[in-house]
Amino acid sequence: MATTVVVPPKHLAMADLKGKVDPDWCPGCGDFGVLAALQKALIELQIPNHNVVTISGIGCSSNLPGYINTYGMHTLHGRALAVATGVKLANHDLTILVTGGDGDGFGIGGNHFVHTMRRNVDLLYVVMDNQIYGLTTGQTSPTSRIGMKTKSMPLGNIEAPVNPISLALAAGATFVARGFSGEQKHLMELIKKGIQHKGFAFLDVFSPCVTYNHDNTYQWFRPRVKKLEDDSAYDPSDWVGAMEKSLLWGEDIPIGKFFERTDVPTLHAAEPVLNPGPLVQNSARIAPDVARSFVEELM
Amino acid sequence: MKHTFAIGIGGAAGQGVATPGDIFAKIFSRRGLHLNAYNAYQSIIRGGHTFLTIRTGPERVTNMGDRLDLLIPLNQDAMHRHLGLLTDGAACIYNADTIKPGAAAKGVALCPLPVSKLADITRNKVAQNTLAVGAGLSMMGIGFQALAEVLTEQFKKKGDAVVSENLGIARAGYDYATANFKSFARPLPMTENRYAVLSGNIAMAMGGTAAGVKFYCAYPMSPSTGVLHWMAAHARKAGIMVRQVEDEIGVVNMAIGAAHAGVRSMCATSGGGFALMSEGLGMSAMMETPVVVIDCQRAGPSTGVPTKTEQGDLWQMLGAAFGDYPRLIAAPLDIRDCFKIIPEIFNLVDRFQCPGIVLCDLLLSEGRLSVDPRDLDFNPVIDRGELITTASFVSPGDGNGGYKRYKITESGISPRAIPGVPGYVHTAATDEHDEDGVLISDEFTNPTKRRAMMEKRMRKVEGIEAAVPPPVLWGPRNTDITLIGWGSTKGVIEEACEILTEQGISANQLQIRWLVPLHGDVIVDILKDARYTIIVENNYSGQFARYLRSETSYTPNGYIRKYDGEPFMPHHIVEAVKEQLSGKSTLSVPAHEIMV
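Going down the list, the sequences are from chains H and F. FYI, in this note's numbering the residues of the first sequence are 1 to 299. FYI, in this note's numbering the residues of the second sequence are 1 to 596.
Keep in mind that a hint or two might mislead.
Stated by the list, open to error - Restricting the straight-line Cα-Cα distance to at most 30 Å, the calculated cross-link-like pairs of lysine-lysine (DSBU-like) are:
(1) Lys125(F) x Lys157(F)
(2) Lys237(F) x Lys198(H)
(3) Lys449(F) x Lys407(F)
(4) Lys20(H) x Lys404(F)
(5) Lys149(H) x Lys226(H)
(6) Lys407(F) x Lys10(H)
(7) Lys192(H) x Lys18(H)
(8) Lys456(F) x Lys20(H)
(9) Lys227(H) x Lys40(H)
(10) Lys456(F) x Lys18(H)
(11) Lys20(H) x Lys193(H)
(12) Lys192(H) x Lys226(H)
(13) Lys528(F) x Lys584(F)
(14) Lys193(H) x Lys226(H)
(15) Lys18(H) x Lys149(H)
(16) Lys10(H) x Lys404(F)
(17) Lys449(F) x Lys20(H)
(18) Lys151(H) x Lys198(H)
(19) Lys117(F) x Lys100(F)
(20) Lys157(F) x Lys182(F)
(21) Lys185(H) x Lys227(H)
(22) Lys157(F) x Lys20(H)
(23) Lys18(H) x Lys100(F)
(24) Lys18(H) x Lys40(H)
(25) Lys2(F) x Lys157(F)
(26) Lys404(F) x Lys40(H)
(27) Lys407(F) x Lys456(F)
(28) Lys10(H) x Lys192(H)
(29) Lys237(F) x Lys156(F)
(30) Lys456(F) x Lys404(F)
(31) Lys340(F) x Lys237(F)
(32) Lys18(H) x Lys106(F)
(33) Lys449(F) x Lys18(H)
As the list claims (entries may be wrong) - Selected chain F positions facing chain H (in silico; Cβ < 8 Å):
(34) Val197
(35) Ile240
(36) Met254
(37) Val263
(38) Pro422
(39) Val438
(40) Leu439
Simulated from the structure, these hints should not be mistaken for lab results. This structure is a prediction, so every number in the text was calculated from the model and none was measured. Virtual Cβ for every residue (Gly too), placed ideally from N, Cα, C.
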């Protein structure tokens, strides 16, 4: 079952990671920046593309696996994290990238989001957060601000938005960060750190929707985003401090790594069944004496 | 008539109905006797009423039967509910200190045990149960040694003192019965055979293990939870990853993720959980990632009656997920078949890269049956289909070197590469896609390609039909009656046929194991010369009858349906057949006389 052919080491280049088709996102969409940052991060880390699985749900941003030449799965709306957990547990040698939007991850997929974090599944989850439903032509999302007018809430949103950073911290994510599509290099560094993190890495990315969200634009974000890395006093190992920072919104919005801890075992490391190696490499039948013991219990 | 002997043990949940049942089951199976057990219970942890029927005999016992030979009521309520149903030759053993007998039919032996005189009830709260087991075995003509062995095994972890205390109580009951109660007319024989006793849930879990399942996940839901429990308890020894997931949506998606990465992956649930999995089944079909989902049916709709059986999920299975796609639906015929069917369906879903559903029900899931260990084959044929797990070539750039995951083929089957293999990089999508996986649902919408992909997937249906054997008629030809059933009703219909034949009404049986593919033409051909056909099923609307009609235009002469939560007993079917032959009705709904 195991991959036996050894591929000669080869320098992974941008051309290797280009998908078969070009993205169908609107010109100016924030997701272009996220795709480019993902590709650049994989090149910097030199992870062979056949060892990467990019898994998404449904929505504009969830079309991303089609635009990056790694193994990909374009799953169901909200279910990418559940599928990704299954892939990782069946073959934990793979690098798993999960990509999607705020509606996909925090709305319909909210349940899996919380539980995948508390399980510390070893993957990077990148949410292209544009605070709107784009592919369904502009409705309120779980991260839309109060007062925002959309086709589904024409008088303005009256429901409090989800704070993805606080939620991730509360749910036990072991790596929590926020990026901005307009800050490419910074975003790429966060993606690299998230891939290298052993455990669940959550990266919320402000990825403006130029078509349907006229409130949270590049121009709106640019003066507000402040890199946590620029604050030498900030300690990303301090959970309480991270929680306090996560509540900031308005004139100053922190981006960067809020929190990371490395002392929690990943789900696959904590599972003794995986001690001999990835499940997919175990094609052995049940040993006859083990089978016999299963039957003898019943006699 | 076959020689069988049935014991009923009734009491409140928490009173220890299960333990005497387990002891009897062990003793019978070790004497080489077959057995079939069914526990009628309620969704309650303490209290209420639960009633366990164990029927044993030297030949195969396929159902709970019609008659109780021995009743052991553990409280007054159980005495009230069940004594009146005993007939000539039966006996009732009860605690004379706490339970008053009611009116019993002629020939029923009332066997009061002076429990407080025979055991120290201040020390042992379940003394009455152990005394009754001892007394019962004495009356059946089974030597005390058999009971001593089982009790010693059962209590050895608790130390010698507990073992000897329980042996003492059992012995007192045994000796008291020998001295005071009349033995049953026909003692139970012994054979050289040895059987394993297992539930359908354990059988399906073990069947999965035999099939090479490496990933099992579930959300607890009666009556499917037994699969999870067995898997969790044996996972490490079997090398299986077992996970409890946040909900059934997560379950099916996680299972498909693991399957996509290359392992055999299974999950089990009941109707409500299955409803949540429906969209995921469509994903399995569209991505062409094989997965096996077990549905243990319980009485619906909605929360329904969680602890009662029904065959009411058929149309949910037939209609699960939207759109057209190939699927397999198998209904195991008995607990032994629960084991056997899992490797079979895995080979098919792997070969045809589609979802497979095992449509079980509470009757099998939680019932118990004696099975010859030789029928539990842990080394079955395993066919993973066209699965690419190693790189056969290395393409420049380590790209996808012309590999098309969804290549259009005559069979509709496209070789499936798993993530991690160099040279086969591709994306699998739930959106419609072209041969190499590029979405044709959004910007590249293309009616010609869409049609080609639909036809590619649906071509697999022909292969599936050819790979699955059609049903066969059981019993003699040219009978007065042909009874048609599906899945778990096999055993009870078989016994009804035997009783009818003995009573001068010849009967045979057509039992459906594969619901999809159905082989409708074969069924119609089998039934075309039948004199009087009746479809027997455990639901209100005749779900199978409607399905068969929709596929073949075939309508039977009559219907027997039951939807009170309890399984059929042979006499229900026998009496209904007579009612129909007398022209009184073409739809019979037997009443369940036992109040459980």
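- So which hints don't hold here, by number, going up? Hints 15, 18, 20, 22, 23, 25, 32 are the ones this structure does not satisfy, whereas the remaining hints hold.
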